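Engineer: Listed in order, the protein sequences are those of chains A and B.
For what it's worth, our numbering labels the leading residue of the first sequence as 34, then goes sequentially.
For what it's worth, our numbering labels the leading residue of the second sequence as 31, then goes sequentially.
Careful, some of the hints might be misleading.
[Claimed, not checked] So these bits of chain A aren't anywhere near chain B, every CB distance computed over 12 Å:
no.: 1; residue: 88
no.: 2; residue: 174
no.: 3; residue: 179
no.: 4; residue: 188
[Unchecked claim] Between beta-carbon pairs, the in silico distance windows are:
no.: 5; chain 1: A; residue 1: 36; chain 2: B; residue 2: 101; range: 50 to 60 Å
no.: 6; chain 1: B; residue 1: 57; chain 2: A; residue 2: 47; range: 30 to 40 Å
no.: 7; chain 1: A; residue 1: 116; chain 2: B; residue 2: 544; range: 30 to 40 Å
[Stated by the list, open to error] Covered, in the sense of this in silico footprint (three residues per stretch, anywhere, with C-beta under 8 Å from a C-beta of chain B), are these stretches of chain A:
no.: 8; segment: 35-49
no.: 9; segment: 99-108
no.: 10; segment: 123-133
no.: 11; segment: 146-154
Worth flagging that the hints you see were computed from the coordinates, not collected in a lab.
On a predicted model such as this, the values are computed, not experimentally measured, just so you know.
We put the beta carbon where it would ideally sit given N, CA and C, even for glycine.
Take a look at the letters that make up each chain.
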Amino acid sequence: MSKIHVSTSINGDAVEYLCDPSETLLDVLRNRVGLTGAKEGCGSGDCGACSVELDGRLVCSCLVLAAEAEGKEVSTVEGLADGDKLHILQQKMLEHAALQCGICTPGILVAAKALLEKNPDPTETEVRYWLAGNLCRCTGYDKIIRAVMDAAAEMRGA
Amino acid sequence: MVTEYKEGAAGTEYSKRDFKVVGTRPPRPDGVDKVTGRALFGADLTAPGMLHATILRSPHAHARIVSIDISGALALDGVKAVVTSNDFVKQGSSGNQDTLDNCMARGKVFYDGHAVAAVAAVSVKVANEALKLIKVEYEVLPHVTDVDAGMLDSAPVLHEGRKFRNIPEGNNANVSGYWEFGHGDTDAGFAKADIIVERSFKTAATHQGYIEPHATLATMGPDGRGEIWACTQGHYMVRDMAAAFVGMDTSQLRVTPSEIGGGFGGKTTVYLEPVALALAKKSGRPVKMVMTREEVFRASGPTTSSSTDVKIGMTKDGRITAGQAKLRYQGGAYPNITAMLGAMTAFAAYDLDAVQTLAWNVLTNRPKQAAYRAPGAPMAIYAVESVVDELCQKLDLDPIDVRLMNAAKKGTLSSYGPTFDEIGLVATLEAAKAHPHYAAPLGPNQGRGVSCGFWFNFAGNTSVSMGINEDGTVSVIEGNPDIGGSRASISMMAAEELGIPFDKVRTIVGDTNSIGFNDVTDGSRVTFSVGLATIKAARAAIKNMCGRAAQVWGIDADAVDWVDGAAVPMGHNAGEFPPMTLAEIAKDSAKTGGPIAGHHEVNADGAGVSFGVHLVDVEVDPETGFTEIKRYTVFQDAGKAIHPDYVEGQMQGGAVQGIGWALNEEYIYGEDGKLQNAGFLDYRIPVASDLPMIDAVILEIPNPGHPYGVRGVGETGIVPPLAAVANGVSHAAGVRMTELPMSPPRILAAIDGAK
């Protein structure tokens, strides 16, 4: 089976790759582009560890075919910080000790950023429901929710 | 892997002091890597020329392997190596042989998902195609997956002809372990009771549910030297097992731990690593293996399921006169000691004149269990704490008052043998009683649950090394994978002891060639044991630095003390010299005798047990049977919280795992013996919208066995939630719940049954 040529944008950089028709966007990000920030926790869209934005829409990259990225903009956790300046969400995750093992952290950050772009002033319940697709087994979510609420407040104030 | 749990001997390590660094909340040293996606986990590494390997797994719950024909797979283009059990070395100990047989079935498959063969190929796709070309002839056998069914004389026998030690007459051939604990005359105790409650309970098997599937990358050249990269809780364990299974010296195998995406006990053994190493040996190429989530559920160890009978007698005023528990656990197809730990912990919270616990482990056609956070304790204490709650309910007594009246304290002869030293149960119960949560009003269909929890904590073999750098900074090497922020707490203890700022220290987790042996990251041992070894390594470095200062000052080394990060002359006869800081001593170290370092190796003891108390308010919808957690508060004795954020995190995370165990999580097997819910959609761990904030109250009752008073905190937090939630649900629903998980259909059936 011949490969598909894809031209896309990842974190603002023009990227081209060849992929199998069956390959997922997650496979290509991790195995062909060299961006291993998005993680595969399940491969079935249940854990959210592979969350990325595709043209501004939050998706599980394990449920998107790599070929679908043609002509679109992909944003991953690697694009969150601005050079050596962390995004407020990243700073707040550190300040609130909102990670233990850190495997879910990239997906949580991408999902939380997508939430705050749509809803800069979410209630605790809204944050909890928005992040319900991002599994964390370590923290019990308490500190994650606090970090996102605090980041939202600081971004509104900024 | 069996970990020996030793009770904390009355140590003299602890001395009270004022802390400068310990108890603060600095950002963790690996934090930026983890929020930017830079941190490398198990599946994130690649190697030039790397192959990908996948595993052929049994479709049967129990079958004899008649033959395996790998010729079709080997003939496929792109396939570089195939291994079966024939490619591994027979082991001297039955424990190691069981672990090896679990990695690759030998003669028989014991569960749905048991590994039979593995293929290394140029891609995952080719490897998976090759698996289909392997012909395995099975003779399918009858199976058993339920704990009670496994003990029946009519049950199919898993290991025919294998004899297990100390099994009393009358048990069938699937009983692989039997244990008894206790003291006093329980018959006399029950005779003194005003009321006796007897109940039977069942709990389902749950999985640790770490979000990172098992992953490894192995290489081995024709020179017989190997390298393994793996996400594991213990890389020395991986080294020892993998080297033994492929038949090489441990010195020739270096194992480097990746960042680890959760473990909770589930990564304290090997599954893929020896297989990848054998494939690398055969192919001469690096081999990467990553489990799918389905494989994680089907073939890596969940915890045990249990069936327990509890009998407790009480006087009218709430004094327990006797307690007895019979615990039956199944942990899959190979022997384990989880039932023993259940029997030891069941009544640990109580000071009893008469107590007896009996435990059986039963072999069944399920995956080999692995440790899961305080293994064995949650289900045992769930059963006991449910009966204590029912007694309080029947006698109309306050559940915390009754626990205070019966609480274990310093000097109590514990239900499992040792006498307790300083412990924090009474203080923890008192804190719970005084907390506003306990007095808050409840709404309709709501109930409040209380439970105690206990864990031994482990110490064990530990090595730490630190170098004092010429610029006055310190590099620490430890050998225990950091799952929840331990590099921060180790750096903090090094900084505290040396008297320098936290940011002058960097701690790394070294590979197996960096420093001496370390036990796996388990038993809540790292902050305790690695912390103890770090403090002692720092003291060794300090002694060295005091000697350097003495040399410069021309005074006796015994006349130099270490205060606030500097050598100072001690006493009037030492002479007048200004303090010589760590940085000053380090800068001139080449002139005073060479590099300065400290190291410490110890088989630590005195871990210090930890108690917790959980309070939960639940609301049960009588129409649907759905349970909502309305409020949750955790109280736990940490001895001394080095980094309180990560102590709270352990308490909160443990509570939520326990909530999942209580309400949702369950391994579901069909009549065919196959696992029916091998994915996160159908095996539902708690999500953010299921939960309220989890309040965490840290108590600090110093552990005599640690210089700073530290107790392990990782495991105790998962112990109380099962009973706390069950007690809350029982009050809210108006009927005693005796089976976990308390799924909505089960709660509705209980409500209907009580009508």
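Engineer: Among the hints numbered above, which are violated by the structure, and what are their numbers in rising order?
Structural biologist: Of the numbered hints, 2, 3, 5, 8, 9 and 11 do not hold.
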